[in-house]
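Sequences listed follow chains A and B, in order. Heads up: the first sequence at position 225 corresponds to 265 in this note's numbering, and the numbers run straight through without jumps. Heads up: the second sequence at position 242 corresponds to 282 in this note's numbering, and the numbers run straight through without jumps.
If you are wondering where the hints come from, they were derived from the structure by calculation, not from laboratory data. No experiment lies behind these values; they were computed from the predicted model shown. Some hints here could point you the wrong way.
Keeping only pairs whose Cα atoms sit at most 25 Å apart, straight-line, the calculated PhoX-like set for lysine-lysine is [claimed, not checked]:
no., chain 1, residue 1, chain 2, residue 2
1, B, Lys832, B, Lys818
2, B, Lys751, A, Lys818
3, B, Lys760, A, Lys92
4, B, Lys399, A, Lys840
5, A, Lys751, B, Lys818
6, A, Lys427, A, Lys378
7, B, Lys840, A, Lys785
8, A, Lys759, B, Lys92
9, B, Lys92, A, Lys751
10, B, Lys811, A, Lys681
11, A, Lys251, A, Lys233
12, A, Lys811, B, Lys627
13, A, Lys92, B, Lys751
14, B, Lys114, B, Lys95
15, B, Lys114, A, Lys840
16, B, Lys547, B, Lys457
17, A, Lys832, B, Lys92
18, B, Lys92, A, Lys760
Each chain, written out:
2 protein chains.
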Amino acid sequence: MNYITSFEQGNKNMTELLGGKGANLAEMQRIGIPVPDGFTLSTKACIDFYNKDEKIWEALQEEIEKNIIDLEEKTGKKFGDEKNPLLVSVRSGASISMPGMMDTILNLGLNFESVEALAKKSGNSRFAYDSFRRFIQMYGNVVMGVEHNIFENEISRLKTHTKKTNDTEITADEWKEIINEYIIIIEKNTGKKFPLDPKKQLLGAIEAVFKSWNADRAIFYRNLNKISHDIGTAVNIQMMVFGNLGDTSGTGVCFTRNPSTGENVFYGEFLLNAQGEDVVAGIRTPNPILELEKIMPIIYKELCELRENLENHFGDMQDIEFTIENEKLFVLQTRSGKRSAAASVRIATEMVAENKITKIQALHRVTDADIETLLHPKLDEKEKMKKIPLAKGLPASPGGATGKIVFTANDAVEAKKREEPVILVRHETSPEDISGMHSSEGIITACGGMTSHAAVVARGMGRPCVSGVSEIKIDEQRGLIMIDDLVLKSGDVITIDGSSGEVFEGKISKIPPQIDAAFQQLLEWATETKTLGVRTNADTPKDVARALEFGAEGIGLCRTEHMFFEKDRIVEVRKMILSEDSEISEKALQEIEKFQKEDFIEIYKILEDRPICIRLLDPPLHEFLPQSDYEIEELAEMMNKTPLHIRERIEYLHEVNPMMGHRGCRLLLTIPNLLEAQVSAIVSAGAETQKKNIEIMIPLVSHVSEFIILKSRIENIVKKYNIQCRIGTMIETPRACIIANEIAKHADFFSFGTNDLTQMTFGFSRDDIGKFLPEYLKQEIFEIDPFQEIDKNGVGELMKNVLSHIPENFKTSVCGEHGGNGKSITFFDEIGIKIVSCSPFRVPIAIVAAGRK
Amino acid sequence: MNYITSFEQGNKNMTELLGGKGANLAEMQRIGIPVPDGFTLSTKACIDFYNKDEKIWEALQEEIEKNIIDLEEKTGKKFGDEKNPLLVSVRSGASISMPGMMDTILNLGLNFESVEALAKKSGNSRFAYDSFRRFIQMYGNVVMGVEHNIFENEISRLKTHTKKTNDTEITADEWKEIINEYIIIIEKNTGKKFPLDPKKQLLGAIEAVFKSWNADRAIFYRNLNKISHDIGTAVNIQMMVFGNLGDTSGTGVCFTRNPSTGENVFYGEFLLNAQGEDVVAGIRTPNPILELEKIMPIIYKELCELRENLENHFGDMQDIEFTIENEKLFVLQTRSGKRSAAASVRIATEMVAENKITKIQALHRVTDADIETLLHPKLDEKEKMKKIPLAKGLPASPGGATGKIVFTANDAVEAKKREEPVILVRHETSPEDISGMHSSEGIITACGGMTSHAAVVARGMGRPCVSGVSEIKIDEQRGLIMIDDLVLKSGDVITIDGSSGEVFEGKISKIPPQIDAAFQQLLEWATETKTLGVRTNADTPKDVARALEFGAEGIGLCRTEHMFFEKDRIVEVRKMILSEDSEISEKALQEIEKFQKEDFIEIYKILEDRPICIRLLDPPLHEFLPQSDYEIEELAEMMNKTPLHIRERIEYLHEVNPMMGHRGCRLLLTIPNLLEAQVSAIVSAGAETQKKNIEIMIPLVSHVSEFIILKSRIENIVKKYNIQCRIGTMIETPRACIIANEIAKHADFFSFGTNDLTQMTFGFSRDDIGKFLPEYLKQEIFEIDPFQEIDKNGVGELMKNVLSHIPENFKTSVCGEHGGNGKSITFFDEIGIKIVSCSPFRVPIAIVAAGRK
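Produce the entire structure from the sequences given, and follow the hints as far as they go.
Here you go:
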């Protein structure tokens, strides 16, 4: 069994085995890019590591040793050598990028002998001992589990003692002192000696990287990004190069295009005299890449060539990490660059124009999440103009966000549970903050650049982010931030504009997003290729208009009950439900019919001849009832009843499992007046506007008789008006799927309500899964959340069964949430669904998904 | 189209067309039994009547007229004739017996001419005019819709005026007066004249009988007895014979065996000088049939021969209505007699012994409801012996019942909703009381015999009934009954013994029923023929012992959570759920493990080597939490927490749709300690008792991973003990049905939880269907309640799908309520289920159903 591949042996197609990083390092070496030598332990090694009680087994040890010997030969350096020591980095790298999620060890190979050699070779003893202490500190923390701040305290103590303020003032001898302290600290805290043998160091580091695959933050990230927990990470062992050998050295990260806007310009940052992690971790604020031209013109030119080559070779915008060691350029990594949603669309469409990718490829490049973000609201510019920004940082991730200030990831998570929008304010973010970032509306960091952890992660998540706001002083202890004289405290509301980098006090309204030309282009390509119809779920004229703008071809689900909730209407609805006097209840129903008719007229006019599918009342009646004492008392007075009486009626209508209770067609069958009022509103509005293409949909059918009886009652009402209607049903109970062929004999169309169908097929209540679904995903019992992505093996099988038992040209659609989920749409298209319908903002997602083929 | 069949043309196999009564009248005439001539309008005529706007169409009118002419020729009498008038009865008769549910008209054909002829012919003018006024009264009420008491008031007025107390004192002339009043009343109340033309009378009566098919009480009865609403009723037109021509005439009802005990003795009642309806309606208390031997020995002998002939000919115990007109015997009806549950078993087994039916036929003769009634508790004889009965009536329907006194059907229905057991006390019952009788624990009537309405209906329903308790004086107005000096009021508790006819004050305990020899015999025959395994759902040693007595072959469902509810246990369970301190919670779990282990040891010992299938914890945790303030405070003190804290935890655990929430395997997967405790209890108890055949069952699986992970965790626990277990799963979510073949690869067995499967397949919450299912049954949207009888087309299809995708010898069972429902069991047997499991009292039902084949 061969678990290790040297960079020379690999190529870019070996991602699954070598991870993204390893495969690309190999590929770069193959095409002549200057990559420091090294080798990769495969993901298979990681998987087997977990199968073998989390120990590195003997055969693997031997293979590592053999590869180290090869590497020593290639580089002419030797592990632990007193003259020319081999130092390596040990980095994780899964087949799917998980930036910052797993551990990295640098400078491995240093000990009391090799550090001297490094001092001599670099001519910089301070650098060598600083590197050694960094290595011990990193290793002590990552591999041996000693807390980070124990080491930091030691440095603080020394600085206090020697009255120094910056690390850079610490001398080589003082670092030596600290190194000795570190080694004692490690032994005291772990009961184990710090390993001075580089081979032992290496095995420890590899083990730690393997283990970091299952660190909480990595699991969280995979759950968030729906990455399988089974694939494992590769480990890359690579000769160290140093960006911190003085001002002829440096390190940087660059993107072949602007990852924030997508503009085709060279984009990146660098730091002189720094290790690569310094840029990513955002501890120092780096310089724009363009400035390198002045400082190191040759290197800059070399980088520009690399930019061209790598993007062309990999056929996508690249994110490149490089190090300059004594004016020599090394590339440490290249990968497809994470980009903002806008950038994603712009890059994809421009690369089509540049003949680098096809239209279909472009559709695949833009993800559902990208489109969702693009359609996220931005700040209202007019309102913004009237405000003076408190501070300005880097526009790290676009979009506007308003929320209360919180200082910790935990507070953000807690606020999310209370549905309180917050802005997370941090010096810098680290992988531990992921869940907090996800729970926030937006992120501000005081340090860090455009490629810092905060920036990269926020862009990936579609969260607005402003990074490097250096004016902000954060006093986490007291829960304050200070900007000049202004003091804001935890809980104060601020607004950020991630597209401009501005921070404002208070709230700024957001405005609905526009579809720009690039996106419009993408939608047109999708519309050309797709065969699936895309409609929208909309119940108000405003939503309908927006959805049509976004490309919806009609309404696939108009929920009549959504018209019930406006202030003057809900009173009538409540009267209708609560009155035991049939006259009052009948009068309330007339009012309901009136306002519904008005709504329909308005919607019909906007739609013109486009189809509209209207679902009759679906939720249980008690959903419309008042809950607060005040509302109950108000209603009681209005109805001339006692509050107690109203409460009793509410209590009577209470249900144990409302999701499976008296709702949908069960209401329509038992309260015929309600059916009459709704259908009359629909068809009288239709007659008045001469609307074509009205479809009336009966919810929650599980028995063919339910459908037949309601259909005949509906037809009797429709008959009174000079209008044509099609009458169909939701397919949203498992039983409806089983007997669909019977229903199909009577129905004009089916629309799958995949939300309810998923609930009933699994026996999951969407309102209650919070107590176990996250745990299910964590334990990998489920690979996906079946409410986000259709469950192909279960719910999908039921759907396929329906489609195989009805005539091929029978009109079927999907109007559950899944109708706006890319992977689900692909599945629906494959099994023969004719139309999907989703919320207006998801219409473009559905169009693009339907266009990918 | 031929809608009418004369008695000479029909036979007993034409039930569907002629109804039970019509077919049997024809059959009797065919085999020479003295049946008055007549003819039958078929059920098809009734169905077409409803298809033709509820009018009797011309062609049918002509056919009726033609048949009347035939009947006139046969009988030598003529409609409306002044000398020898033809009088007929008009009776309903569906293909399935619905006693008393529809309307009957007697003496039709009387008018001012024919009544004179009748007076002359009978030599009894008073009888003739009494008959005429009865006819007008009946016709006025049934056909023309005039309220009964308006007529009765007229009689009362006359009696007050003439100072008479009994109807019998009223003279012919006085009846004439009343007849004139009646005719005026009818015209005043309906705006229509009372028809004096017999042909018009007949058409009106036929129309009324057709319409009575859809009277509320008939619909209720059909729903109750699961009779289709589509089959319609036939109408029998038959020459009248008179039992009220004086003391050489009479009428009676007899059974070929005792319908209460099943004893093979001649059984029945008669009244001299009475019309047939007088016996059935229970207005006068009739004499035992044996007394007829002394009064009319020849007739009695003739009746005894009839008894023999009819039972042999029809192959079942017969219920025979007869009339003696001037010492000539006529049979007006024969049908399979309704009988008590005990009688049903005794008759079936004795008829096998008499070689009259086969064993399989015997199994079909005894219904599920019979067995259920037989297994109903009886009064504790010892306790009964210590009490003196308040009164004694006729033992009309066996079994003991205790409840509060109510006087109206409505009050009984209301009490049922409050789950308050009541005894319905009535002078006599009528078809309007059906729903009230069904809502009562038992029934008492002051009048009426063993064959009165109350008696017949109560026996059919399996409700204990004491009829004809003449000592009771009922004062409905004041809500009182008086027995001698004792006054009981509405709401007082009484107990009745329907097997002895006794009525007691207060409560008497009931004891579990025994299986008598006849029933034992039946069970043995069923056991011989059945192939399906029958187990029981039982969780306590007591239930297990009882079920084994009843013939259960093991436990098919042992619900571990049922062991949680005893006082000292529930505290530990609550601690386990509510404690946030893992130590306390762990300790509580140890206690739970301890008591569960003890329970299992006890159950295992009773079971010996018989199999036991134990289901791991299924319900959501909040089901175990306290609700009342007192309990919460008590628990808070015990746990050293504030009540507020406990309330918050309870609130936290609240679920919107608990049926589809955090329960079943979802709990076991997220709280591994709970799994450990339960499985440890099961297997350690097993190891200690060397129990074989333990099956552990995982509830609510919907994904194969759930099963695989839990199975492996269970196996890890089982490994620690020297014991073998089989591990299987409930199939109770639709998704489990869809992917069952995947699960089958890992599971040792399946048990269908048809309750939950029905809930999720329909999307019906059992706790909430009360608001629409009754209406669904009434509107005939559903033919059956799918929670009582398995839904073959929906749930059944899912089950069939499972069975067709797993190996044929894979062990499958059903442990939902349907496992104790005869029709469902037949279905399960047909589709290849191997075992059914049901509550102990339903085990005999399951055995008999499985034996029917």
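To see whether the hints hold, each was checked on the structure:
no.: 1; hint: B:Lys832 - B:Lys818; result: holds (20 Å)
no.: 2; hint: B:Lys751 - A:Lys818; result: holds (19 Å)
no.: 3; hint: B:Lys760 - A:Lys92; result: holds (23 Å)
no.: 4; hint: B:Lys399 - A:Lys840; result: violated (47 Å)
no.: 5; hint: A:Lys751 - B:Lys818; result: holds (19 Å)
no.: 6; hint: A:Lys427 - A:Lys378; result: violated (32 Å)
no.: 7; hint: B:Lys840 - A:Lys785; result: holds (23 Å)
no.: 8; hint: A:Lys759 - B:Lys92; result: holds (22 Å)
no.: 9; hint: B:Lys92 - A:Lys751; result: holds (23 Å)
no.: 10; hint: B:Lys811 - A:Lys681; result: holds (24 Å)
no.: 11; hint: A:Lys251 - A:Lys233; result: holds (20 Å)
no.: 12; hint: A:Lys811 - B:Lys627; result: holds (23 Å)
no.: 13; hint: A:Lys92 - B:Lys751; result: holds (22 Å)
no.: 14; hint: B:Lys114 - B:Lys95; result: violated (29 Å)
no.: 15; hint: B:Lys114 - A:Lys840; result: violated (68 Å)
no.: 16; hint: B:Lys547 - B:Lys457; result: holds (21 Å)
no.: 17; hint: A:Lys832 - B:Lys92; result: violated (51 Å)
no.: 18; hint: B:Lys92 - A:Lys760; result: holds (24 Å)
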